[in-house]
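Novice: Hey, can you work out the whole structure from these sequences and the hints?
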Amino acid sequence: MRILVGSHVFHPSVGGIESVSAMLAEAFVKLGHEVQVVTQTPSGQPDAAPYAIHRQPGGGELRSLLGWCEIFWQNNISLKTLGPALLKGTPTVITHQTWLMRPDGRTGWQDVLKKLASSRVRNVAISRAIAEALPGEPVIIGNPYRDELFRRDTSVPKDRDVVFLGRLVSDKGADLLIDALDGLEQPGGAPVSCTIIGDGPDRVALEARAKGRDIVFTGAKSGPELVTLLNRHKLLAVPSRWNEPFGIVALEGLACGCVPVVSAGGGLPDAVGPCGVTFPNNNAGPLRQQLCDLLGNAARRQALLANAPEHLSRHTAEAVAHQYLAVFESMRAGR
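Counting from 1, one number per residue, gives the positions in the sequence shown under UniProt numbering.
Be a bit skeptical, because a hint or two may be false.
[Unchecked claim] In silico DSS-like cross-links for lysine-lysine, where the CA-CA straight-line distance does not exceed 27 Å:
| no. | residue 1 | residue 2 |
| --- | --- | --- |
| 1 | K221 | K211 |
| 2 | K114 | K80 |
| 3 | K80 | K115 |
| 4 | K158 | K221 |
| 5 | K158 | K88 |
| 6 | K115 | K88 |
| 7 | K88 | K114 |
[Unchecked claim] Label-pair ranges, simulated between beta-carbon atoms:
| no. | residue 1 | residue 2 | range |
| --- | --- | --- | --- |
| 8 | P274 | T228 | 23 to 31 Å |
| 9 | P187 | V139 | 40 to 48 Å |
| 10 | R55 | D111 | 23 to 31 Å |
| 11 | E329 | L79 | 25 to 33 Å |
| 12 | G188 | D111 | 19 to 27 Å |
Honestly, the hints are just simulated from the structure, not real lab data.
Glycine residues also receive a C-beta, built at the ideal position from the N, C-alpha and C atoms.
Specialist: In structure tokens, the structure reads:
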């Protein structure tokens with residue numbers, strides 16, 4: 001199958017959409033399909049991907065690509081390339097990675113247009129929460145994680161308690177975690193240890209808030225170093241204040257043997273499945289209780305982690321690619 005991947009943002013830009021687009025483009029190629037990518041992200045370096053990347057294409061080049069492909073898969077809706085696809089009649093699938101609204105929650109004219117355009121294509125939502133906000137009956141396909149990288153390393157001892165991985169901004173709730181840990185002790189009386197991985201504008205204030213406690217700030221980490229850090233922890237806290245659309249970080253932590261403790265709003269419950277626990281958004285008290293209960297109950301942690309292999313198997317790049325290919329094939333067959 002000839003697949004054109006539309007990813008408004010793409011490598012070398014860094015983010016969740018960029019990662020998912022690259023993972024699935026490569027997975028489609030490995031499964032024997034022809035893939036090209038169209039993006040608005042420039043790059044000053046030659047591309048080394050196993051597929052062609054067309055950066056900021058002109059109208060003629062875009063029309064040619066839309067004529068070449070059998071399926072145009074747009075990972076997160078972008079009117080810039082969707083309009084030409086609709087005009088040309090190219091079979092199009094849109095994956096909605098977030099809600100169709102402005103960052104402040106308002107519905108802008110762009111969102112109205114996107115909703116209208118979405119009614120003319122096949123829609124995929126990354127979680128039940130996103131699906132409920134879309135018109136019609138979108139297919140739900142959760143995002144993949146880098147299963148070749150994130151995995152349990154049994155040679156690494158779990159000598160730390162709680163880990164946070166994310167941007168140090170208010171929405172991600174690292175301050176809630178620090179508050180929830182205040183005075184929290186292990187069953188034997190030792191203070192609960194915590195590692196905060198990530199960087200951002202709130203770091204200085206968070207470090208001051210955590211002063212005098214066993215809370216270590218590592219800055220941003222990636223690759224094998226990040227994997228080793230995650231492997232050292234028993235629990236992964238994802239205390240987002242806002243409703244996360246999905247939450248790949250929960251899959252990454254789970255793959256490294258951390259039980260996820262996540263905010264209940266949005267798509268995070270889908271990301272953790274039967275392998276973790278939730279608490280109400282923006283509420284340090286219930287978060288503290290969940291952390292306390294799990295740290296004091298190794299058997300419960302192991303019971304939750306026993307569900308991980310099956311859950312994670314549905315979120316490998318190959319498994320998710322197969323789910324998308326089933327949608328693409330149904331469109332080609334006119335179903």
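Novice: Compare the structure with each hint and give your call.
Specialist: Evaluated hints:
no., hint, in the structure
1, K221 with K211, "holds, 22 Å"
2, K114 with K80, "holds, 11 Å"
3, K80 with K115, "holds, 14 Å"
4, K158 with K221, "holds, 18 Å"
5, K158 with K88, "violated, 55 Å"
6, K115 with K88, "holds, 19 Å"
7, K88 with K114, "holds, 17 Å"
8, P274 with T228: 23 to 31 Å, "holds, 26 Å"
9, P187 with V139: 40 to 48 Å, "holds, 45 Å"
10, R55 with D111: 23 to 31 Å, "holds, 26 Å"
11, E329 with L79: 25 to 33 Å, "holds, 27 Å"
12, G188 with D111: 19 to 27 Å, "violated, 52 Å"
Hints 5, 12, counting from the list given before, are not met by this structure.
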